[in-house]
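Trainee: Top to bottom, those sequences are chains A, B, C and D. Quick note on my numbering: the first sequence kicks off at 310 and runs consecutively. Quick note on my numbering: the second sequence kicks off at 310 and runs consecutively. Quick note on my numbering: the third sequence kicks off at 310 and runs consecutively. Quick note on my numbering: the fourth sequence kicks off at 310 and runs consecutively.
Calculated directly from the structure, the hints in this document are not laboratory data. All residues carry an ideal CB built from backbone N, CA and C; glycine is no exception. Treat the hints loosely; a few may be bogus.
[Stated by the list, open to error] Taking CB as the label site, the calculated pair distances span:
1) P451(A) / E313(D): 55 to 61 Å
2) P451(A) / T559(C): 44 to 50 Å
3) V452(A) / P514(B): 35 to 41 Å
[Claimed, not checked] Heads up, incomplete: computed chain B residues facing chain C, CB under 7 Å, no partners named:
4) L377
5) E393
6) G397
7) Y546
Number of protein chains: 4
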Amino acid sequence: MSDEWLRTGIGHSDADSITLMGRDLASELMGNTTLTELAFLLVRRRPPTEHEARLLDAVLVSLADHGLTPIALSARLTYTGAPESLQGAIAAGLLGGGSVFLGVVEDTAAFLSGALERGESAADAVRGCIEGGRRVPGLGHPVHKVQDPRTPRIYAIAEETGQLGEHLRLLREVAAAHRSITRRELPVNGAGVAGAALADLGFPPALLRGFALLARTAGLLGHLAEEMERPIGMPLYREVDERAVYDPPTS
Amino acid sequence: MSDEWLRTGIGHSDADSITLMGRDLASELMGNTTLTELAFLLVRRRPPTEHEARLLDAVLVSLADHGLTPIALSARLTYTGAPESLQGAIAAGLLGGGSVFLGVVEDTAAFLSGALERGESAADAVRGCIEGGRRVPGLGHPVHKVQDPRTPRIYAIAEETGQLGEHLRLLREVAAAHRSITRRELPVNGAGVAGAALADLGFPPALLRGFALLARTAGLLGHLAEEMERPIGMPLYREVDERAVYDPPTS
Amino acid sequence: MSDEWLRTGIGHSDADSITLMGRDLASELMGNTTLTELAFLLVRRRPPTEHEARLLDAVLVSLADHGLTPIALSARLTYTGAPESLQGAIAAGLLGGGSVFLGVVEDTAAFLSGALERGESAADAVRGCIEGGRRVPGLGHPVHKVQDPRTPRIYAIAEETGQLGEHLRLLREVAAAHRSITRRELPVNGAGVAGAALADLGFPPALLRGFALLARTAGLLGHLAEEMERPIGMPLYREVDERAVYDPPTS
Amino acid sequence: MSDEWLRTGIGHSDADSITLMGRDLASELMGNTTLTELAFLLVRRRPPTEHEARLLDAVLVSLADHGLTPIALSARLTYTGAPESLQGAIAAGLLGGGSVFLGVVEDTAAFLSGALERGESAADAVRGCIEGGRRVPGLGHPVHKVQDPRTPRIYAIAEETGQLGEHLRLLREVAAAHRSITRRELPVNGAGVAGAALADLGFPPALLRGFALLARTAGLLGHLAEEMERPIGMPLYREVDERAVYDPPTS
Numbered sequence: 310m311s312d313e314w315l316r317t318g319i320g321h322s323d324a325d326s327i328t329l330m331g332r333d334l335a336s337e338l339m340g341n342t343t344l345t346e347l348a349f350l351l352v353r354r355r356p357p358t359e360h361e362a363r364l365l366d367a368v369l370v371s372l373a374d375h376g377l378t379p380i381a382l383s384a385r386l387t388y389t390g391a392p393e394s395l396q397g398a399i400a401a402g403l404l405g406g407g408s409v410f411l412g413v414v415e416d417t418a419a420f421l422s423g424a425l426e427r428g429e430s431a432a433d434a435v436r437g438c439i440e441g442g443r444r445v446p447g448l449g450h451p452v453h454k455v456q457d458p459r460t461p462r463i464y465a466i467a468e469e470t471g472q473l474g475e476h477l478r479l480l481r482e483v484a485a486a487h488r489s490i491t492r493r494e495l496p497v498n499g500a501g502v503a504g505a506a507l508a509d510l511g512f513p514p515a516l517l518r519g520f521a522l523l524a525r526t527a528g529l530l531g532h533l534a535e536e537m538e539r540p541i542g543m544p545l546y547r548e549v550d551e552r553a554v555y556d557p558p559t560s
Numbered sequence: 310m311s312d313e314w315l316r317t318g319i320g321h322s323d324a325d326s327i328t329l330m331g332r333d334l335a336s337e338l339m340g341n342t343t344l345t346e347l348a349f350l351l352v353r354r355r356p357p358t359e360h361e362a363r364l365l366d367a368v369l370v371s372l373a374d375h376g377l378t379p380i381a382l383s384a385r386l387t388y389t390g391a392p393e394s395l396q397g398a399i400a401a402g403l404l405g406g407g408s409v410f411l412g413v414v415e416d417t418a419a420f421l422s423g424a425l426e427r428g429e430s431a432a433d434a435v436r437g438c439i440e441g442g443r444r445v446p447g448l449g450h451p452v453h454k455v456q457d458p459r460t461p462r463i464y465a466i467a468e469e470t471g472q473l474g475e476h477l478r479l480l481r482e483v484a485a486a487h488r489s490i491t492r493r494e495l496p497v498n499g500a501g502v503a504g505a506a507l508a509d510l511g512f513p514p515a516l517l518r519g520f521a522l523l524a525r526t527a528g529l530l531g532h533l534a535e536e537m538e539r540p541i542g543m544p545l546y547r548e549v550d551e552r553a554v555y556d557p558p559t560s
Numbered sequence: 310m311s312d313e314w315l316r317t318g319i320g321h322s323d324a325d326s327i328t329l330m331g332r333d334l335a336s337e338l339m340g341n342t343t344l345t346e347l348a349f350l351l352v353r354r355r356p357p358t359e360h361e362a363r364l365l366d367a368v369l370v371s372l373a374d375h376g377l378t379p380i381a382l383s384a385r386l387t388y389t390g391a392p393e394s395l396q397g398a399i400a401a402g403l404l405g406g407g408s409v410f411l412g413v414v415e416d417t418a419a420f421l422s423g424a425l426e427r428g429e430s431a432a433d434a435v436r437g438c439i440e441g442g443r444r445v446p447g448l449g450h451p452v453h454k455v456q457d458p459r460t461p462r463i464y465a466i467a468e469e470t471g472q473l474g475e476h477l478r479l480l481r482e483v484a485a486a487h488r489s490i491t492r493r494e495l496p497v498n499g500a501g502v503a504g505a506a507l508a509d510l511g512f513p514p515a516l517l518r519g520f521a522l523l524a525r526t527a528g529l530l531g532h533l534a535e536e537m538e539r540p541i542g543m544p545l546y547r548e549v550d551e552r553a554v555y556d557p558p559t560s
Numbered sequence: 310m311s312d313e314w315l316r317t318g319i320g321h322s323d324a325d326s327i328t329l330m331g332r333d334l335a336s337e338l339m340g341n342t343t344l345t346e347l348a349f350l351l352v353r354r355r356p357p358t359e360h361e362a363r364l365l366d367a368v369l370v371s372l373a374d375h376g377l378t379p380i381a382l383s384a385r386l387t388y389t390g391a392p393e394s395l396q397g398a399i400a401a402g403l404l405g406g407g408s409v410f411l412g413v414v415e416d417t418a419a420f421l422s423g424a425l426e427r428g429e430s431a432a433d434a435v436r437g438c439i440e441g442g443r444r445v446p447g448l449g450h451p452v453h454k455v456q457d458p459r460t461p462r463i464y465a466i467a468e469e470t471g472q473l474g475e476h477l478r479l480l481r482e483v484a485a486a487h488r489s490i491t492r493r494e495l496p497v498n499g500a501g502v503a504g505a506a507l508a509d510l511g512f513p514p515a516l517l518r519g520f521a522l523l524a525r526t527a528g529l530l531g532h533l534a535e536e537m538e539r540p541i542g543m544p545l546y547r548e549v550d551e552r553a554v555y556d557p558p559t560s
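Input sequences plus hints: build the corresponding full structure.
Mentor: In structure tokens:
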């Protein structure tokens, strides 16, 4: 049986050495590379420049935590039932990282990439959404109604580091076009700006969510560390169980 | 109902700002903090020094990937069946991060912490294992029989950065004591040295596995990026299905 | 704060009794109800007739296992790494139950329901697929090229029990229409017939996959019982690791 | 390479037939076997008797749901974030099925099996726990303080069906011995009696939790069906987020 398919470029080890992405793990990567830089290298198959790494870290830090979200609550409740299995609690948390909470990151990147490929102007892209009855991805936030504080910061870091790419540029134009077309002010939200920045960093669209999940894994370590000291899972369950009204089917 | 239990120190947001660990996310953390530093801050509730961050990154980089392990294979096979749900593939991979592959990290830290608490010498700790019929955690590796290349690198970085703490020191003495007691040379393995370094960094024992899982999440991004371009999941399934001998029960 | 939202019709208990779906668990359900009947009751909010239960069991049995699929392999590989956490192995297996392997169940049901709602004939529904460049969901199978053995059996049980509903009827007409339009013989596959039967049983479209997952959970118990006695996970990993060609990036 | 390890007794298919546990899926199993009977066959490698199936169904029904537990809440919160991925919601729920909520099932079975292997009397087994400072597994319940309604029902069904085996017998004696030794009345709880019954049904100890997880999967279908119509996940998150007191670290 041919093993043409059984190839990997990621890693390899023998008795004396471990190789990762074609580099000696111990002498070349350990001590010289942050986890963020390694994640970039693993996906892009080349190391990031210092500027790329700085922008990527800023994006990851912006996505790491949003308080007691369903993702954090699910991880904590899972820890309540299976404290022996930290991997289960983290996995349960990440499983909530789907279309509702992390989808905007990908949707914004896909929207911008599509417009760029078709050579559309920001105004045309916005009109396309409005005519199709769709929201413009990456605009608006239920809490940060005037400005999402992450947005100007990502733009500032991207400019400082010379990383203001075509997705970030177009997203800013999209927000302006939306404002002049609709006369409504909708700020670029943090998930949208993260999606545009990740697309500018050259990651494949289907993997953008993965960077958000990596960032959330760090956030979940914080929640689980706190849960070990001050549990929310068990009292939350107790309260819900006590307050819930029982409303059985009649058939 | 009192909300004494419903408290969190992690994050909070209002219309204009997002706070994480008591710091303004946009102005204080984004652009100034790596994901690794943020993970430290979330768990230890204080930022790492530059030296601590460097050691932690070295440990995370050492743990991020080990090739086509069960963890990577499970993530890839899950992606084969559910490519629409990247979070499911990452979660499935992390779920294999249990006692067999990641347990050594925690077991070594627990063994060293126990000996330190009891004030045992390295020789006594080793004798305790031998007399109890237990292996000494953190020693020996099926592939790296003479030296695990990660071990001297972590020690070198810990020494360089002044982070050679009591767990790392004791682990080195344990390996020496084991050698003189048993006349067998067993190197300190990469998981063991990682466990000792994470314990020296002050993380709670029950969370050490979480740092290995964070590192593996980065590794899984690499595997899933590769799986998208050169799939292993589907041909692996096809080959297994074809080669498997069917051996039904007789009752 | 109003608790209008915190209501459940599922279960409730007090010091002396446990109620499930408005029935006394101990006296009414235990001993009188199979797990399959309970699953029907939980979703449809009424107990199944004997005939409905028989059809549902036949569908679940047909979906429970398909050998060493990615789902089974992922569960076994996860068990290899985390044998202390059976829930992790089962969860990792189920996570592969996405669009590729279980999607056909839902896609077929959605295709049939759509045609029924629009009052389309089978021929029109088939032509709609062909003109749109889409495959007709539920037809064709890579192994069972002439006939999928599950299909006539589900139809026979549905007829015997008077449960041949509009989705199953239409699916049969769709296969015939496809044959006369394309002059190609494509059998109704097992996933398609399961989707049509589950739709006829009145389950909401978004939950159909859940019944396939329930069936697979039973299948996974078999795989994990076997894995405990005759492990495949570890030798599979060893072989893959040994055979894999390392092909690192050049940058 | 020898394929001695690549064997399975579970399933196999070719162009015309599908075989499961040595039986023709379509003609022998579908229509003649419930999902519960199939799960028994997959694990025990023989079909259950009618009496065994009845006891197993009673146990599964008793374990399927316990209201808005952490397991149900975690599944619902995961559905809130990733409604496109039902498998993720079910997996997240099952991941909470660890030592705290499902452990009693296994612990009771292990405690009883150990005593039976050592030929201990119920009184000796209870004294062993008391002297070791351990609770007797399977006794006591926070809500059902006088009697857990599931317990007499399982005993009644086991007696009716001639399935009252040595684990169930010993558990009853253990409760009596505990009462006379401690002068405290602690009822046998539902998880304990389930564990004893599953052990009497001959399942391997490491798989007992798997039957509880199979039952819970049915329960989760009910919760997710309800969540689709009357969501709890999103309003629960909103309330928690609003009520949570922010208590940041001071360093």
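Trainee: Take the hints in turn and mark each one as holding or not.
Mentor: The hints, checked one at a time:
no.: 1; hint: P451(A) / E313(D): 55 to 61 Å; verdict: holds (59 Å)
no.: 2; hint: P451(A) / T559(C): 44 to 50 Å; verdict: holds (46 Å)
no.: 3; hint: V452(A) / P514(B): 35 to 41 Å; verdict: holds (37 Å)
no.: 4; hint: L377; verdict: holds (5 Å)
no.: 5; hint: E393; verdict: holds (5 Å)
no.: 6; hint: G397; verdict: holds (4 Å)
no.: 7; hint: Y546; verdict: holds (5 Å)
When each numbered hint is compared with the structure, no violation occurs for any of them.
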